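Please arrange chain B on chain A, whose structure you already have, making use of the hints.
Taken in order, these protein sequences are the chains called A and B.
Here full-length UniProt numbering is used: the first residue of the first sequence is 1, the next is one more, and so on.
Here full-length UniProt numbering is used: the first residue of the second sequence is 1, the next is one more, and so on.
These are computed hints drawn from the structure, not numbers from a lab.
Treat the hints with care, as some may be off.
Claimed, not checked - These stretches of chain A come out as covered by chain B in the derived footprint (C-beta under 8 Å, 3 or more residues):
1) 120-134
2) 152-159
To be verified - Here's a subset of chain A near chain B, in silico, CB distances under 10 Å, partners left out:
3) D62
4) R105
5) I109
6) A111
7) I140
Given the structure is predicted, the values throughout are model-derived calculations rather than measurements.
All residues carry an ideal CB built from backbone N, CA and C; glycine is no exception.
There are 2 protein chains.
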Amino acid sequence: MTQALIFDVFGTCVDWRSSVARAVAQALPGVDALAFADAWRGEYQPAMERIRAGGRGYVALDDLHLENLHRVAERFGVTAPDTLNAAWERLDPWPDVVPGLTALRQRHILAPCSNGSIVLMTRLARHARLPWDCILGAEIARDYKPKPEVYLASCAALRLHPSAVMMVAAHNDDLVAARAVGLRTAFVTRATEHGPGQTTDLTPADDWDIVAPDFIALAQRLT
Amino acid sequence: MTQALIFDVFGTCVDWRSSVARAVAQALPGVDALAFADAWRGEYQPAMERIRAGGRGYVALDDLHLENLHRVAERFGVTAPDTLNAAWERLDPWPDVVPGLTALRQRHILAPCSNGSIVLMTRLARHARLPWDCILGAEIARDYKPKPEVYLASCAALRLHPSAVMMVAAHNDDLVAARAVGLRTAFVTRATEHGPGQTTDLTPADDWDIVAPDFIALAQRLT
Chain A
1 MTQALIFDVF GTCVDWRSSV ARAVAQALPG VDALAFADAW RGEYQPAMER
51 IRAGGRGYVA LDDLHLENLH RVAERFGVTA PDTLNAAWER LDPWPDVVPG
101 LTALRQRHIL APCSNGSIVL MTRLARHARL PWDCILGAEI ARDYKPKPEV
151 YLASCAALRL HPSAVMMVAA HNDDLVAARA VGLRTAFVTR ATEHGPGQTT
201 DLTPADDWDI VAPDFIALAQ RLT
Chain B
1 MTQALIFDVF GTCVDWRSSV ARAVAQALPG VDALAFADAW RGEYQPAMER
51 IRAGGRGYVA LDDLHLENLH RVAERFGVTA PDTLNAAWER LDPWPDVVPG
101 LTALRQRHIL APCSNGSIVL MTRLARHARL PWDCILGAEI ARDYKPKPEV
151 YLASCAALRL HPSAVMMVAA HNDDLVAARA VGLRTAFVTR ATEHGPGQTT
201 DLTPADDWDI VAPDFIALAQ RLT
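The shape of chain A in the complex, shown without the other chains:
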């Protein structure tokens, strides 16, 4: 019996690309805002990889985002204000997310299992009105997904066996890692996370426990 659902957030719950581009357009007029957002997000995996590989101790994603902001700004030939980093706290949810989570919360504990820090997830939840019961994920484990420790630390914080926890994500690799340590899995399609030309994660890459077009359908499948 699934008692808790834990969620990927960037891309799965919120539309980071449009929201970051909106903030970039406001802070850096004249810059190609979508290209800047893509480039900023492009620095995300390399920055975490050094930590995952052990070459750097745990540093919160807030700090990585800020380092990456200035690296990308330099590449674009502009100087970005530090305050632009708060763009990641003001990402809009996909339209099905709040009603879907609200329905799911009737019977399940809900928490993000994101690479975002506790405070980043907290401020984002306030902005996007995501009705989490608690905040789990990278900071609890002091490591980054898809390292198994992050999923296992989230289950441990809930004092639940991994088989009682379902990972929900729009990214197949997140679910591969969650299933490998015993969690149940739900794939939700986000076909425009990377814009209209997206080529990745358009379909489930394995027989995930649930495949749903959005969170409302996910809630229907779980009740």
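Structure of chain B alone, referenced to chain A:
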């Protein structure tokens, strides 16, 4: 400027004594339920003290509560079911708590800074409808209040200087410890936490930043 409020929970937000006694009366008919609740709570500080002093590694309060339950049951000459331990997840809030927190949440990040574990605070919040933004406290620090680490780890998770965080408690010793590491302090009177004959924490023992009769008054003071 206070950006976040962190709360003691047992006694400050919820009436543990009546709620635990209610669960005891149901599970152990014939036992003096209020005396049992007091005895169970009486084992709370000694159990944590061994961990605070370093004689035992961090063990979640859920486990301490279970050990204490069986110790107290033996003293009362009964056998308690393990399921009675969930009484601590079903404590009722004082009547001002939900409206007060709802008002405070408009302008402040709200989180428990309790000795309860993440999942205990999560399940309790679902029961009592406490609108937390995230769960902080002992498990984040892997130590127990009033050790300074617990307050400081909670501020660190919020990425806030302690002076931007206010500790709210009905217990003077909790506020002494929070102030000692730089947090702001609010004392809320809970004159019947220990029943009608309560003799402790009836009045503020220092010049706390705010002294309020309940959470609704606290919200008014902060706006």
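Taking the hints in turn, this is what the structure says about them:
Residues of the stretch 120-134 of chain A with a Cβ under 8 Å from some Cβ of chain B number 8, which satisfies the need for three, so the listed coverage holds. Coverage of the stretch 152-159 of chain A by chain B holds in this model, with 3 residues showing a Cβ closer than 8 Å to a Cβ of that chain against a need of three. Taken as an interface hint, A:D62 checks out: its beta carbon lies about 7 Å from the nearest beta carbon of chain B, inside 10 Å. At about 8 Å, the closest approach between the beta carbon of A:R105 and any beta carbon in chain B falls short of 10 Å, and the interface hint on this residue holds.
With a least beta-carbon distance of about 6 Å to chain B, the hint placing A:I109 at the interface is held under the 10 Å criterion. Interface hint status for A:A111: upheld, as the beta-carbon distance to the closest one in chain B is roughly 8 Å, under 10 Å. Satisfaction of the interface hint for A:I140 is found here, the shortest Cβ-Cβ separation to chain B being roughly 8 Å, below the 10 Å cut-off.
When held up to the earlier numbered hints, the structure conflicts with none and fits them all.
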